[in-house]
Amino acid sequence: MTNPTGSETTGRYLVLLEPDAAAEGARVISQVAGLQLASTADFAAGAAVAEQLGQADGLVLHELGVAVVTAAADQAAGLTRAAADPGPIRIVEPERVVRAIGSAVPMAEPAAIDETKLTWGLQATGADRSTATGAGVRVAVLDTGLDVKHPDLSGRTVVTNSFISGEPVQDGHGHGTHCVGTSCGLRTPASGPGYGVAYKADIYAGKVLSNRGSGADGGILSGIAWAVTNGCRVVSMSLGAPTEPGQPYSQVFEQAAQRAMQRGTLIIAAAGNESERTAGKVAPVGHPANCPSIMAVGAVEAQGQVASFSSGTVDTVGQVDLVAPGVDVYSSWPMPTRYRRLNGTSMATPHVAGLAALIGGLYPQAGPYELWARLVQTARRLSLPSTDVGAGLAQAP
Amino acid sequence: MEKVVVAVADDHLDELPAVLADLRQAGLVVDSVQEVLGTVTGSVDASAFGKLQAVPGVAVVQRERGFQLPPPDADVQ
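Going line by line, the protein sequences match chains A and B.
If you read the first sequence in the numbering used here, its first letter stands for residue 1, the second for the next number, and so on.
If you read the second sequence in the numbering used here, its first letter stands for residue 1001, the second for the next number, and so on.
These are calculated hints, taken from the structure and not from any lab test.
From the three backbone atoms N, C-alpha and C, an ideal C-beta is built for every residue, glycine too.
There may be inaccurate statements among the hints.
[As the list claims (entries may be wrong)] Now the stretches of chain A that chain B is said to cover, found in silico as 3 or more residues with beta-carbon under 8 Å:
id, stretch
1, 170-179
2, 210-217
[As the list claims (entries may be wrong)] Per label pair, the in silico range of CB-to-CB distance:
id, chain 1, residue 1, chain 2, residue 2, range
3, B, Gln1025, A, Thr157, 23 to 31 Å
4, A, Arg263, B, Ala1021, 55 to 63 Å
5, A, Thr316, B, Gly1066, 49 to 57 Å
6, A, Glu93, B, Asp1014, 52 to 60 Å
7, B, Asp1075, A, Ala135, 28 to 36 Å
[Stated by the list, open to error] Among chain A residues calculated to face chain B with C-beta under 10 Å, some are:
id, residue
8, Pro86
9, Arg341
10, Gly344
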């Protein structure tokens, strides 16, 4: 692997060309800088690129739409001017010297926590610095329902459905109201810190756990189907059943998750709270987060360490995919309590669901596989085992 | 009776009504059908569990699992 250094350059330049404009780009480079370029498009497969590069003023890497050129200062200036004008040349930058990576990048010192304005979770995920709002993105939270008269929901698009026989969607437990708050709640409450990630997303609250906190596979599948049918791009499921090491994942839920993804819905679920890391015990990811096509979220605390209870990767499948804030998480709670602090991978999961909605808002055409890829691509890497934190701490776009 | 969840195979998703009829014939009392997911929930006499798995177009039959949150006053949720 190689690593770009800060300032050391080779004297050559990289010229980024507009898409599908490699040939035109070579012509314009010749016109504005007098450089004669070879092109990989003319090479037979396996030709020695280094030799060709030595004979010309540069080489067009046709497949990449990039030219590498040797240019004097006046020629480089001509290229830079051309980049500012309309035409096939988009960007000109000096080629950098790259070297093998030595030591790891040191971790930034954790900052002191100040929740005067926003929760630590919004700060740690960069949601506070993002311009994305999640507006127009439908997020389903499948949980104990929602306090539908919570004042912080005033003016929001809220769609509800109950899959618990005999119970309306009104949250008699509190868990669902807390999770909706983290994923989609208010940024600027009258008092206390803002706590919602995708604060303009459309809320789809599906009650699949009763007021006593219990549910079953059937109701959850019905909730997922409701979310898919309603065009929800993200499903947040802060629920799970403990598993034993070596226990296979549910093929029914894996099939359902794959079909949900084919129809445009990403499912994000809590890894589980079964570990007791202080006692040396790491429990496997629970059901259904252990399905490969369901994103499993573990919990970290404000200093960046894995929460003691957070389930981990124990088997060859059922991995933790990402982590998010899951300790001392401030969010909404049914009235009259209004707000409450809680711990759990249940609290980490809606952070990631909200972040997925922020990404979805910025990329309206992005399907669930792209949302997954962007979440993993942009996650902040942590100096912790991937078996505990997957790709790292999820970040806002 | 046991509560079960059933996934219909990819190559039978277009024939869901026929698969449902065969599942009922094999002893499944259907609770609900999630057409967009190709899944079915219901209950079956424990002795007939194996018959469901043998129905053409059934990918997998599993016993339904339950979920239980901690009580609302618990610190870890």
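Quick rundown of the hints versus the structure:
1. Residues of the stretch 170-179 of chain A with a Cβ under 8 Å from some Cβ of chain B number 4, which satisfies the need for three, so the listed coverage holds.
2. Counting residues of the stretch 210-217 of chain A whose C-beta sits closer than 8 Å to any C-beta of chain B gives 5, which meets the bar of three, so the coverage hint holds.
3. For the pair Gln1025 of chain B and Thr157 of chain A, the supplied restraint of 23 to 31 Å is violated, since their beta-carbon distance comes to about 44 Å.
4. Between Arg263 of chain A and Ala1021 of chain B the beta carbon distance is about 25 Å. The supplied range of 55 to 63 Å is therefore violated.
5. Taken as a hint, the range 49 to 57 Å is violated for the pair Thr316 of chain A and Gly1066 of chain B, whose Cβ atoms sit roughly 26 Å apart.
6. Checked against the given bound of 52 to 60 Å, the beta carbons of Glu93 of chain A and Asp1014 of chain B, roughly 53 Å apart, stay inside it.
7. Remark: the range hint 28 to 36 Å for Asp1075 of chain B to Ala135 of chain A is upheld by a beta-carbon distance near 34 Å.
8. The closest approach between the C-beta of Pro86 of chain A and any C-beta of chain B is roughly 46 Å, which is over the 10 Å cut-off, so the hint fails.
9. Annotation: Arg341 of chain A was flagged as interfacial toward chain B, and the flag holds, the nearest CB pair being 9 Å apart, inside 10 Å.
10. Of the supplied interface hints, the one on Gly344 of chain A holds, with its beta-carbon coming within about 4 Å of a beta-carbon of chain B, less than 10 Å.
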